[in-house]
Amino acid sequence: MKSDPIVHVVEDDEAHQSAICLILDSVRLGTRVYASAQQFLQDYEPARHEGPECLVTDVRLPGMSGLELQNTLLEQKILLPTVVISGHADVPIAVEAVKKGAIDFIEKPFRQQKLLDAIQVALAASEEAQKQKASYLKFQSRLASLTGRQREVMNFMIDGKPNKKIAEELGLSIKTVEQHRSLVMKNMEAASFAELVQIVLEFEDSQG
Amino acid sequence: LNWKIIQVKASFWRIVLPPIFTTLLFVSTIFFLILPFIEESIVARKREMISELVSVAWNNLQFFEQLESTGRLSRHEAQQQAREQIRSLRFGPENSDYFWINDRHPRMIMHPYRPDLEGQDLSQYSDPNGKFLFSEMVTVVENQGAGFVDYMWQWKDDPSRVVPKISYVRGFEPWGWVVGSGIYIEDVKMEIASFTRHLVWVCVGIVGIIMILGSVVVQQGVASRNRWRKAEDEARQHLLRLSHLSRLHTMKTMTTEIAHQIDQPLGSILLRSSLCTDTLEPGDPVTPELIENLEEISVQVERTSRIVKRIRSFSNLRELGKTRVDLNIIISGVLDFLEFETRKNQINLDFFPGKTTLTAAEPIWVLVDSTLVEQVVLNIVQNAIEALGECPSEKRNLTIRTEVEGDTALVVVADNGPGISDDRLESVFEPFTSSKNDGLGIGLSLCRSIVEEHGGRMWAGAGPSQGSIFQFTLPVEC
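Top to bottom, those sequences are chains A and B. Each number in this note's numbering comes from the position in the first sequence (counting from 1) with 221 added on. Each number in this note's numbering comes from the position in the second sequence (counting from 1) with 1111 added on.
Keep in mind that a hint or two might mislead.
Per the computed footprint, the stretches of chain B lying under chain A, defined by three or more beta-carbons under 8 angstroms from a beta-carbon of chain A, are [as the list claims (entries may be wrong)]:
1. 1373-1379
2. 1385-1398
Okay, the calculated bits of chain A under chain B, using three or more residues with CB under 8 angstroms as the criterion [stated by the list, open to error]:
3. 233-239
4. 243-249
5. 271-284
6. 331-342
Partial selection, computed: residues in chain A whose CB lies under 10 angstroms from chain B [what the hints assert, rightly or not]:
7. 257
8. 306
9. 307
10. 308
11. 309
12. 325
13. 348
Don't read these hints as lab results, they were simulated from the structure. The structure displayed is predicted, hence computed values, not measured ones. Ideal Cβ placement from N, Cα and C applies to all residues, glycine included.
Just need the whole structure built from these sequences, with the hints factored in.
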């Protein structure tokens, strides 16, 4: 059950808190409730949970506001898809929150479906992020299995240089280059040259 | 309205009664103390007068007796001349008062108006009351030499009128005569009556003048009282309007807070109701969860309605309406209203309502306009919250306490913020001295006016170690 989704709810108003829990219970989503941003920061351990998770936070909170919480998470490089709830007077703040990467903002009062939809999007984003993270880790371990020479050879390969040219540049025999080339394909678990290029490009994409 | 009329009447009598009372005292003093005294003195003066006059007649007798004793006249001649001399003596206002002479038998020797009695034996002569007046005169003279005798006698020369009379008689030893003259009581009475008439006119005049002066004073008094009352009414109206403005301003600054306060219950209502409409189908069984859900919706609707009511009553401009309310309820209502603000600012708020029994605080009944008193509490607490903003968030303490001492209720609001310097403790109550940029600057001066309008006092002080303490009193309504 460790990979079941979890929704973290930061809301100080008890009535609102209990209503949100009721909604999440109705779709059998695991819920953790916090009365303040400080309490959340204190209790939340990033990466402890393997399944998708997201944060639902009110903008107006006692002490640290929802926006400040979002900033703190950004500073600590904690990637947690966030749904921001705001009163209608706080719309400008909510817009700012979205600019800083919040998944969605919902203006109070709202229907349960709207909340569920937003949470769905957030959890999907979380799942996606986790997948990316997993493939990134996989790529890293493959990359780590290459020797320095093999990595040089791979870089020339990606650039589209023929073996003869690579051999000239590195001062190696063509035979040696061919040997390195097949090891690169094997260690990077690429079935074809096209696949290798794709894997490397994806990695570079995710690096930004 | 009735109450106002009674008040006006009461004040009218307060102004009118003293002059009336003074006048009454003046008049009754004159008529019951001074007049009898004057009557007495008139009678005394009259008595003195006739005794003097009788002495004059007596001296005449003595003159003739001397003529006799020196041998210039015979006794008979002397007596004859003396008799005629005294017969002609007259005095009094109409010159009709007279002297008479009788002897000690008694026999009438001379009477100017009753010559018929001359020579007659008077020992059996009595007045209509059966008094032997001449015999009594002889007795008085024999015993004291002279004296007063009262009896009934004819009115001067009119024999048909018999009236009370007081006479002074004096014996003249050499001839065994008694000479007398009298005053009529009616004469005295008439004199007193005429004096009294004069006095009455004088009194009427004086009372009239006092009345005129009094009515002027009363008019002035009523006018100034009315002016004062009008000014007081105007001041009250100003206070009401100003406090209304201040409340509207407060509301304006609290718009976001209020919107948030309303958004909370509305949010939970919509979540819960949309859950019902989105998930339920016709024919679904009614579950306990469903009922609980609906129950919670009702609770939240009531919560919203309370907030809206409070906002409306707080924003309204009304006449001053004093009702008997529990001061503790007013305060906890305000704290409820500010609950979000105190929570947002992480303020540790404590409310200690007066005497507390095991279950609840004992009510402190006060006769006040609850909106105005709410405004005072709101203003002080908001100031405290603002002051606490300058403290680290872990130690922001706000304590509100009520107590009753005798017939006075005391409200104490203490914070541990930066406090107010001693030289500013009074000036914070002056209008337009606000240190805030967004305030109207009339908050505290208005609060003090409101408290004073309710018969209380308001002041500020420094906390025991730090912060400030605002306190106000209100008279307790039993």
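Exercise for the section: Go through the hint on residue 307 of chain A and say holds or violated, using the shortest Cβ distance to chain B against 10 angstroms. Expected result: Given a least distance of 9 angstroms, the restraint on residue 307 of chain A holds.
Practice task
Using 10 angstroms as the Cβ threshold, decide whether residue 257 of chain A counts as touching chain B.
Solution key: Cβ of residue 257 of chain A sits 9 angstroms from chain B, so the hint holds.
Exercise for the section: Please verify that hint: residue 306 of chain A, Cβ, nearest Cβ of chain B, below 10 angstroms or not. Expected result: holds, 8 angstroms
Practice task
So, residue 325 of chain A near chain B? Judge it on the closest CB pair being under 10 angstroms.
Solution key: violated, 16 angstroms
Exercise for the section: Go check the stretch 243-249 of chain A versus chain B for me, would you? Three or more residues, Cβ under 8 angstroms, otherwise it fails. Expected result: Contact hint for the stretch 243-249 of chain A vs chain B: holds, 3 residues under 8 angstroms.
Handout entry: Verdict on chain B covering the stretch 271-284 of chain A, where coverage means 3 or more residues with a C-beta closer than 8 angstroms
Key = Three-residue rule met by the stretch 271-284 of chain A, so holds; n is 4.
Exercise for the section: Establish whether the coverage given for the stretch 331-342 of chain A by chain B is satisfied; the threshold is a Cβ-Cβ distance below 8 angstroms, and no fewer than three residues must meet it. Expected result: Holds: 5 residues of the stretch 331-342 of chain A have a Cβ under 8 angstroms from chain B.
Exercise for the section: Examine the stretch 1385-1398 of chain B for residues whose CB is less than 8 angstroms from any CB of chain A, and state whether their number is three or more. Expected result: Since three or more residues must qualify, the claim that chain A covers the stretch 1385-1398 of chain B holds, with 4 doing so at under 8 angstroms.
Exercise for the section: Establish whether the coverage given for the stretch 233-239 of chain A by chain B is satisfied; the threshold is a Cβ-Cβ distance below 8 angstroms, and no fewer than three residues must meet it. Expected result: holds (count 5)
Exercise for the section: Double-check residue 308 of chain A for me: the hint is only fine if its C-beta lies closer than 10 angstroms to a C-beta in chain B. Expected result: holds, 4 angstroms
Exercise for the section: Against chain B, run the beta carbon of residue 348 of chain A and see if the smallest gap drops under 10 angstroms. Expected result: With Cβ-Cβ at 24 angstroms, over 10 angstroms, it is violated.
Problem - chain A covers the stretch 1373-1379 of chain B, three or more CB atoms within 8 angstroms, holds or violated - result: holds (count 6)
Hint violations for this structure: numbers 12 and 13, all remaining hints satisfied.
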